[in-house]
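K.L.:
The chain contents come next:
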Amino acid sequence: MAKKVGLSLLLALATALTLVGCSSPSDQESSSTELTIYSGRSEEFIAPFLAQWEQESGVKLNIRYADSAELAAQIREEGSNSPADIFLAQDAGSLGAVAREGLFTALPTSVGVKIASTYIAGDRSWIGITGRARVFAYNPELLTTLPQSITDLSKPVYTSQLGIAPTNASFQAFVTAMMNSKGEEFTQRWLESLVKNDVQIFPKNSAIVEAIDSGIISIGLVNHYYVWEVSQGLGREIKAKNGFFASGDLGNMINVSGAGILKSSSKYAAAENLINFLTSQEIQAKFVTQTLEYSLIANEKSPANLPTLSAIGAPTVDLDSLNNIQKTQELLIKVGLL
Amino acid sequence: MRETLQRENSTSRPLIGLSSIVLALTFIPLIYLVIRAAEKPGEQIIELLFRQRTLEIIATTAIILIAVVLINVLIGTLIATGIHFVRLPYAHLLIIPMILPLAIPSYVFTYTWLALIPRLSGILGAIFILVLTTLPYMMLSVVIALRRLDTGLIEVARTLGLSKVSILLRVIVPQIRGAISAGSLLSGLYVLSDFGAVSLLNVTTLTVSIQNLFKSTYDRSGAAIMALILVLASTVFITLESGLKRKQESESATRRSGTKHLRINNSSAKITLLVLVGLYTAIAVFVPVSVLLSRFFSNAVPINWGELLSAAISTVTIAASGAALALLFSLPLGALIAQGNNRFSIFAERAVLISHALPGVVVGLALVSLGSKLGPLYQSTALLAFAYAILFLAKAVAAMSNSLQLVSPAVKEAAATLGKDRAAIARTVTFPIAFPSIALGTLLVFLTAMKELPATLMLRPIGMETLATQVWSYAAVSKFNEAAPYALLLILIAAVPTFLLSLPREALDRTKSSVRDLQLGESR
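Residue numbers (the numbering used here), protein chains in the order written: chain Y, 1 to 338; chain G, 1 to 524.
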């Protein structure tokens with residue numbers, strides 16, 4: 001009896017193994033009606049748009065979701081063997097890192113015609129899809145002294161109260177911008193002053209906002225849409241609000257999510273079509289209302305309850321220059337934030 | 001008789017060959033780590049190793065490891081001995097709720113407890129969750145050892161008038177020390193490689209740090225260096241454990257098993273036991289399941305049954321393939337280790353354990369890098385199954401070698417003198433005796449693979465989701481309600497092998513004692 005059960009168990013396992021063996025090659029078959037996307041944008045918020053394009057174009061999408069920096073590293077590792085056709089990143093730094101390795105193809109001017117040129121790489125290796133502002137999220141019940149500048153954050157009033165997400169690509173892009181504009185020494189001193197002020201480290205932006213909501217911390221550096229995202233996820237109002245630093249402060253930096261087409265891809269036409277879809281007037285407007293991100297088309301409406309991009313008081317940052325994320329990461333490791 | 005033994009020795013050459021191949025495969029991640037780490041300039045390696053943050057991370061990891069193992073040793077041994085000795089109706093069934101939490105992944109424990117205590121975080125939170133997660137390993141290990149207890153010694157101690165407490169400390173504990181140490185090893189290695197719970201609780205252990213560096217940096221040598229520290233830490237831990245085990249083995253060389261049991265029939269012991277079991281069941285089974293159920297029922301978004309079903313099928317298929325591969329790999333290694341005390345088998349045993357302590361992310365990373373050069377294998381389910389096999393090989397090998405050790409050479413020789421050939425001996429003697437334990441080992445790999453997260457996230461084929469990755473990605477965007485159906489189904493499926501694991505292994509024990517009787521007959 002026990003023997004029979006055992007044999008059938010073994011048989012089942014063997015069958016499973018055979019099935020696995022058979023199923024793998026089909027994943028690799030290339031077909032002109034499939035595109036492979038590496039997406040650093042989280043599935044919940046980009047998937048509906050990609051599904052709509054899939055339906056309209058009839059092209060099947062294979063999508064790998066992960067963190068932007070992780071995917072950038074994976075693309076570098078894969079080199080010309082990469083199965084990806086498009087890299088969709090949550091920040092300009094990850095895009096720049098891939099562009100720097102020469103792994104993107106230059107996009108023709110027929111792609112993303114409506115997008116303002118500030119949000120396109122100088123060599124057209126990538127193109128911005130949505131805009132996002134760096135803000136501080138805070139709990140208005142717990143915090144009354146709001147910071148005017150990022151340098152205020154080392155003050156005693158924020159001791160153990162500030163949350164950051166050093167693994168997050170948007171945070172790293174912000175630090176890279178600081179390195180570019182204020183120099184490595186200044187940046188290192190600023191980071192060290194945060195560490196000294198017992199800055200709280202979180203794995204990602206949404207975790208910062210959740211911690212603000214539950215009162216663990218009272219302020220955190222995040223992108224503008226996380227307060228809304230977390231409130232959506234929890235299905236209730238939360239005790240967190242967005243705040244901006246004084247006009248022109250680096251803390252108000254505007255970054256983009258964007259996309260590039262890999263040189264190793266053989267499906268440029270379909271890939272360009274997808275990018276054109278995401279940068280079309282219709283979809284850009286949908287980003288504003290459905291994911292509360294900024295449209296990159298000039299003079300478009302801003303997301304609900306937020307100032308327009310030009311009214312934020314953002315510093316002038318050349319997104320193209322954010323490509324040296326490796327140096328930023330080395331600094332973050334050095335000061336013990338990674 | 002000597003001839004038979006020699007024949008066995010000479011046939012172990014192909015065994016060594018096959019074992020070496022399997023070991024070489026399991027060493028792929030480690031070799032990758034070394035190559036990657038070496039890419040960084042020397043002074044940067046030193047800087048990374050000796051920065052304050054690294055020392056803090058090592059200290060955090062050590063504190064959690066020691067605390068969890070100590071609590072497990074105390075509580076696990078206490079409850080397991082209680083279940084074994086205290087006279088309660090259906091006492092043997094009490095083990096089932098104690099083992100059931102094995103079906104719940106550590107990240108699900110964390111989510112559900114975070115729902116109740118949003119401020120749960122830090123080292124204390126991590127110790128709490130990891131004790132919940134790993135206590136069943138200790139319990140399982142000790143309960144099995146208790147079932148094989150040398151009760152003759154207990155009888156002797158009683159006739160000598162020793163109190164129950166001193167019988168426990170002086171007679172029973174020494175006998176189950178091997179099992180306690182094996183349970184400590186399993187739970188300790190789990191703690192070292194856990195990613196889900198600690199990262200959700202915002203505690204940076206070595207594994208979290210590796211994952212952070214991997215996810216957030218473009219240069220992967222930093223992650224490789226931290227991973228090598230982790231490998232070193234597990235090596236130290238394994239060496240300590242095997243030192244303990246060896247000592248225990250030599251002491252119990254003259255073990256004899258009996259059938260009578262010492263029974264405790266004291267009402268305060270009964271109440272204490274019931275309270276402990278009830279408490280653990282409440283916090284490790286009732287709370288997570290009821291939180292998930294309430295999330296499930298308050299979920300306004302309609303469940304996508306197709307997605308749920310396909311995630312479940314992927315989960316079961318890949319975990320089963322991983323378990324089958326691990327079973328296959330464990331055959332030569334288990335046989336080699338069961339054969340005993342030569343240097344290569346000791347090396348093999350430890351080498352397998354070290355690969356067990358590698359975090360999923362490291363194995364995943366190595367296979368991602370190699371995979372891109374493997375053509376059709378890249379991002380295939382086969383590669384993911386292979387990763388599971390490497391990650392959980394230790395469990396399969398332990399089951400395999402233990403069960404093969406149950407089959408004493410004397411029995412095989414007896415069969416040989418009856419004129420049976422090797423194939424017939426394997427079929428009629430070795431297999432029936434060894435099977436139950438091997439099947440349990442395979443189930444354990446299957447169960448663990450189902451819950452695995454980091455390697456699955458990295459290696460799953462594009463577009464494929466498992467129950468674990470769905471729980472993770474919904475919860476990552478705070479959609480706990482939508483994560484609930486996936487978590488519930490994962491627990492439900494995982495409960496099946498867990499239940500099988502917790503069943504009393506009477507069949508196994510019976511064969512074992514009959515083997516032992518034969519052995520004893522032989523030696524007299």
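Treat the hints with caution; some may be incorrect.
[Unchecked claim] Restricting the straight-line Cα-Cα distance to at most 30 Å, the calculated cross-link-like pairs of lysine-lysine (DSBU-like) are:
#1 Y/K239 to G/K479
#2 Y/K327 to G/K40
#3 Y/K263 to Y/K196
#4 Y/K263 to G/K373
#5 Y/K239 to Y/K155
#6 Y/K301 to Y/K155
#7 Y/K334 to Y/K155
#8 G/K373 to Y/K196
#9 Y/K301 to Y/K286
#10 Y/K114 to Y/K155
#11 Y/K60 to Y/K327
#12 G/K373 to Y/K60
#13 G/K373 to G/K40
#14 Y/K196 to Y/K114
#15 Y/K263 to G/K479
#16 G/K479 to Y/K241
#17 Y/K239 to Y/K182
#18 Y/K182 to G/K40
#19 G/K270 to G/K164
#20 Y/K301 to G/K373
#21 Y/K286 to G/K479
#22 G/K164 to Y/K334
#23 Y/K301 to Y/K239
#24 Y/K60 to G/K40
#25 Y/K196 to Y/K301
#26 Y/K327 to G/K373
#27 Y/K114 to Y/K263
[Said to hold, decoys possible] If you want the ones that stay clear, here's a sample from chain G, every Cβ over 12 Å from chain Y, calculated:
#28 E47
#29 L55
#30 L276
#31 V368
#32 S369
#33 I462
Honestly, the hints are just simulated from the structure, not real lab data.
Glycine included, C-beta positions come from ideal geometry on N, C-alpha and C.
K.L.:
Each of the hints needs a verdict: does it hold here or not?
P.N.:
Hint check:
1. Of the supplied pair hints, the one linking Y/K239 and G/K479 holds, its CA atoms being roughly 18 Å apart against a limit of 30 Å.
2. Simply put, Y/K327 and G/K40 have alpha-carbon atoms about 14 Å apart, close enough for the 30 Å limit, and the pair holds.
3. Taking the CA atoms of Y/K263 and Y/K196, the gap is about 44 Å. The hint is violated against a cut of 30 Å.
4. Under the criterion of a C-alpha separation no larger than 30 Å, the hint pairing Y/K263 with G/K373 is consistent with the structure, at around 18 Å.
5. Restraint check: the Cα-Cα separation between Y/K239 and Y/K155 comes to about 23 Å, which is no more than 30 Å; the hinted pair holds.
6. For the given pair, Y/K301 sits about 36 Å from Y/K155 by alpha-carbon distance, which is inconsistent with the 30 Å threshold.
7. For the proposed pair Y/K334 and Y/K155, the alpha carbon gap of about 22 Å is at most 30 Å, so the pair holds.
8. With a CA separation close to 45 Å, the supplied pair G/K373 and Y/K196 exceeds the 30 Å bound.
9. Straight-line distance between C-alpha atoms of Y/K301 and Y/K286 comes to about 11 Å, which keeps the hinted pair within the 30 Å bound.
10. Restraint check for Y/K114 and Y/K155: the C-alpha separation of about 43 Å exceeds 30 Å, so the hint is violated.
11. At most 30 Å may separate the alpha-carbon atoms for a hinted pair to count; Y/K60 and Y/K327 exceed this at roughly 37 Å.
12. Taken as a hint, the G/K373 and Y/K60 pair is honoured in the structure, with Cα atoms around 25 Å apart against an allowance of 30 Å.
13. For the suggested pair G/K373 and G/K40, the alpha carbons sit about 22 Å apart, so the restraint of at most 30 Å is met.
14. A C-alpha spacing of about 45 Å is found between Y/K196 and Y/K114, which places the hinted pair above 30 Å, so the restraint is violated.
15. Taken as a hint, the Y/K263 and G/K479 pair is broken in the structure, with Cα atoms around 36 Å apart against an allowance of 30 Å.
16. For the suggested pair G/K479 and Y/K241, the alpha carbons sit about 20 Å apart, so the restraint of at most 30 Å is met.
17. The hinted pair formed by Y/K239 and Y/K182 fails the criterion: a straight-line CA distance of about 34 Å is larger than 30 Å.
18. For the hint pairing Y/K182 with G/K40, the CA-to-CA distance comes to about 27 Å; that is within 30 Å, so the pair holds.
19. Restraint check: the Cα-Cα separation between G/K270 and G/K164 comes to about 15 Å, which is no more than 30 Å; the hinted pair holds.
20. Between Y/K301 and G/K373 the CA atoms are separated by roughly 47 Å; this puts the pair beyond 30 Å, and the hint is violated.
21. Taken as a hint, the Y/K286 and G/K479 pair is honoured in the structure, with Cα atoms around 21 Å apart against an allowance of 30 Å.
22. For a cut-off of 30 Å, the pair hint linking G/K164 to Y/K334 is broken: about 57 Å separates their Cα positions.
23. Between Y/K301 and Y/K239 the alpha-carbon distance is near 26 Å, which keeps this suggested pair within the 30 Å criterion.
24. Between Y/K60 and G/K40, the direct Cα distance comes to roughly 41 Å. Violation of the 30 Å bound is thereby established for this hinted pair.
25. Simply put, Y/K196 and Y/K301 have alpha-carbon atoms about 41 Å apart, too far for the 30 Å limit, and the pair is violated.
26. With a C-alpha separation of about 28 Å, the suggested pairing of Y/K327 with G/K373 holds against the 30 Å cut-off.
27. Distance hint between Y/K114 and Y/K263 is fulfilled; the C-alpha atoms sit about 23 Å from each other, no more than 30 Å.
28. The Cβ of G/E47 sits about 7 Å from the closest Cβ of chain Y, inside the 12 Å cut-off, so the non-interface label is violated.
29. For G/L55, the non-interface assignment is contradicted: its Cβ lies about 10 Å from the closest Cβ of chain Y, within the 12 Å cut-off.
30. Residue placement check: G/L276 keeps its beta carbon more than 12 Å from all beta carbons of chain Y (closest about 31 Å).
31. With a cut of 12 Å on Cβ distances, G/V368 falls inside the contact zone with chain Y, its closest approach being about 6 Å.
32. Listed as a non-interface residue, G/S369 fails to keep its Cβ farther than 12 Å from every Cβ of chain Y; the least gap is roughly 5 Å.
33. Against the 12 Å criterion, G/I462 falls within the reach of chain Y, whose nearest CB is about 4 Å from its own CB.
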